[in-house]
Amino acid sequence: MIADTARKTKGAIIPAESPLAKPMPALVVFGVDKSGKPHAAWFGVTDVRLATKAADTIGFRTFVLCDEAQRAATADLPQGRVFGSGRAFVPFVAREVYERLQALADEPKCLTSSSIRVVAQGPAEPADDDAGCPGGSGPVDPRYPRSWAGIANGSLVLITEGEDDGWYEAVVVASKPGGEFTLQWRDWPDLPLLVRRRDEMALLHPNAAAAAAA
Numbered sequence: 277m278i279a280d281t282a283r284k285t286k287g288a289i290i291p292a293e294s295p296l297a298k299p300m301p302a303l304v305v306f307g308v309d310k311s312g313k314p315h316a317a318w319f320g321v322t323d324v325r326l327a328t329k330a331a332d333t334i335g336f337r338t339f340v341l342c343d344e345a346q347r348a349a350t351a352d353l354p355q356g357r358v359f360g361s362g363r364a365f366v367p368f369v370a371r372e373v374y375e376r377l378q379a380l381a382d383e384p385k386c387l388t389s390s391s392i393r394v395v396a397q398g399p400a401e402p403a404d405d406d407a408g409c410p411g412g413s414g415p416v417d418p419r420y421p422r423s424w425a426g427i428a429n430g431s432l433v434l435i436t437e438g439e440d441d442g443w444y445e446a447v448v449v450a451s452k453p454g455g456e457f458t459l460q461w462r463d464w465p466d467l468p469l470l471v472r473r474r475d476e477m478a479l480l481h482p483n484a485a486a487a488a489a490a
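Residue numbering for the sequence shown follows the numbering used here, starting at 277 and increasing by one per position.
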């Protein structure tokens, strides 16, 4: 399925490009340091890749926040920071907060770094049938897949919230075995993450990559 790009206004939501827009918690990083002190923090969707890499480096756990219940359970966490060096700032938290995160991360519905391919691993290699434009040749930008098989972490696709709504851009932030993907609205990053199957997403027009590069 291929659809043209669209724009919409979701009530009084602040546009993503506005300096007043606040990041929506998308990932939790938590763990215990060498001295046994617990740390935890949340990171926005734009920091998922670097935060996951940093967590792997220091041996901390991660999980993706997939619904409002999980966000409510982690609402009192501090926001973490990632640095160009590849390190992340994950503040101290109380022991009871750390234990609550352990229980939350062990829930079957929770998407953890062991059950998903997070953006930190980069976009997957395109499938053989996604190696070039139909009738043409050349590499495909993984951010703009030309077939459903080419959808990977970091891909920009179109999704809808229902028959009465339009199709709008969303970024794939994580993929789960079985063909389910976790997505973040591109233009409304403060809205909750969404889960869609591969066949519930539409592809951008083939000229989208060229238009973005122009």
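Because the hints were derived from the structure by calculation, they are not lab data.
Hints are not guaranteed to be accurate.
Said to hold, decoys possible - Pairs of lysine-lysine, DSS-like flavour, derived with a Cα cap of 27 Å:
1) K329 - K313
2) K329 - K452
3) K329 - K310
The hints, checked one at a time:
no., hint, verdict
1, K329 - K313, "holds (21 Å)"
2, K329 - K452, "holds (18 Å)"
3, K329 - K310, "holds (19 Å)"
The structure shown violates none of the earlier numbered hints.
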